[in-house]
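2 protein chains.
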Amino acid sequence: MAATGDDDATAGDRLHLERFVPYRLSVLTNIVSMSIAQAYAREFSLSIPQWRIIAVLARFPNLSAIEVAERCAMDKVAVSRAVQSLLASKRLVRAYDKGDRRRSILRLSAAGRAVYMRVAPVALSYEKQLLDTLSASDRRVLGRLIGRLIDRAREIAPETGVTTAEPRP
Amino acid sequence: MAATGDDDATAGDRLHLERFVPYRLSVLTNIVSMSIAQAYAREFSLSIPQWRIIAVLARFPNLSAIEVAERCAMDKVAVSRAVQSLLASKRLVRAYDKGDRRRSILRLSAAGRAVYMRVAPVALSYEKQLLDTLSASDRRVLGRLIGRLIDRAREIAPETGVTTAEPRP
DNA sequence: CGAGGATGGTTACACTTGAAACTATCGAAC
DNA sequence: GTTCGATAGTTTCAAGTGTAACCATCCTCG
Chain A
85 MAATGDDDAT AGDRLHLERF VPYRLSVLTN IVSMSIAQAY AREFSLSIPQ
135 WRIIAVLARF PNLSAIEVAE RCAMDKVAVS RAVQSLLASK RLVRAYDKGD
185 RRRSILRLSA AGRAVYMRVA PVALSYEKQL LDTLSASDRR VLGRLIGRLI
235 DRAREIAPET GVTTAEPRP
Chain B
85 MAATGDDDAT AGDRLHLERF VPYRLSVLTN IVSMSIAQAY AREFSLSIPQ
135 WRIIAVLARF PNLSAIEVAE RCAMDKVAVS RAVQSLLASK RLVRAYDKGD
185 RRRSILRLSA AGRAVYMRVA PVALSYEKQL LDTLSASDRR VLGRLIGRLI
235 DRAREIAPET GVTTAEPRP
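Protein chains in written order, with our numbering: chain A, 85 to 253; chain B, 85 to 253.
If you are wondering where the hints come from, they were derived from the structure by calculation, not from laboratory data.
Backbone N, C-alpha and C fix where the C-beta goes; we use that ideal spot for every residue, glycine too.
It is possible that part of the hints are untrue.
[As the list claims (entries may be wrong)] Computed footprint of chain A on chain B; a stretch qualifies when at least three of its residues, placed anywhere within it, have a C-beta under 8 Å from a C-beta of chain A:
#	stretch
1	98-109
2	116-127
3	135-144
4	204-211
5	219-226
6	230-241
Given these sequences and hints, build the entire structure.
Here you go:
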């Protein structure tokens, strides 16, 4: 127990970590990410980046590595590494663009699709469990708020470079 | 086969990454954390764990390492390391409990408080900027939703051990 | 007292991650 | 065609992180 008791933040501006939204978001995200990761890491030995790549390629096949990076909010180094391990485990197939031979074209293999088919329901059911404490209207609001905050965070981010999802259309 | 480049997720259960709440939370948190970290990492060479420890000790002085860990949602190894570097940079003072000599007692030094005084306003102003796209009522709702989701995530987390903040009172 | 177990904290090692440098290809300008 | 700069992707090396093993101290129960 804090000997002096409490709150020694003598600034005019008080930062209460436990009410500080960035901090709380980070706590929430950590718990959620770890929970989901556990579900697939154990059974399929997938890392988080690997799983993201599978998920995005399941939905948008034939992306290049950089396009994957944009959609996944990962940087290209992380994508490169995850792609290599997915190629090694034969869950991914890589071709190269005829016209531009720098550009890779990534698709899931049958094995990759199989992994997706088994992991996706687990992920979705986790999300369902997580959200079912909220009312339908709270869920809608949550979705809207997250969207707004992401947009806003991007606006005020000091040119963070790559950790930005959603390719500009 | 969708060579057209769209939605090949032929499962009955479709995972739309861009609508998947855990994913969106992770994107949001990444952008936010990196933005804030940049602010203090550059000027004060503080890592995220270091900054968290400073913030929590500014508010609750004389905690032990484990109490810090609980409040920061960090594990004790991370705390140990961050404490060491903060001791090395003279931003922290460590004493040991008279009654229980295993137990450390951590406090900010004058230098540590000075860092806090300069970083806290930056963090708060970032939060303000982030949230000022939302109406006052949306902000309240957001706070409530995050709280609910953290509780829920803890409930359904498969005994993740330590990544859990808020000591039980 | 002293053995066994719990608790606070640190160390060791393997693995992941990030920043920067590097290769290779492309497009355009001269 | 050659040079220059941009783009796609990889490699490298250093730093960060997690797990497990490890000391030291404390507690308790015989």
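Self-check item: Violated constraints from the hint list, given by number and in increasing order
Solution: none
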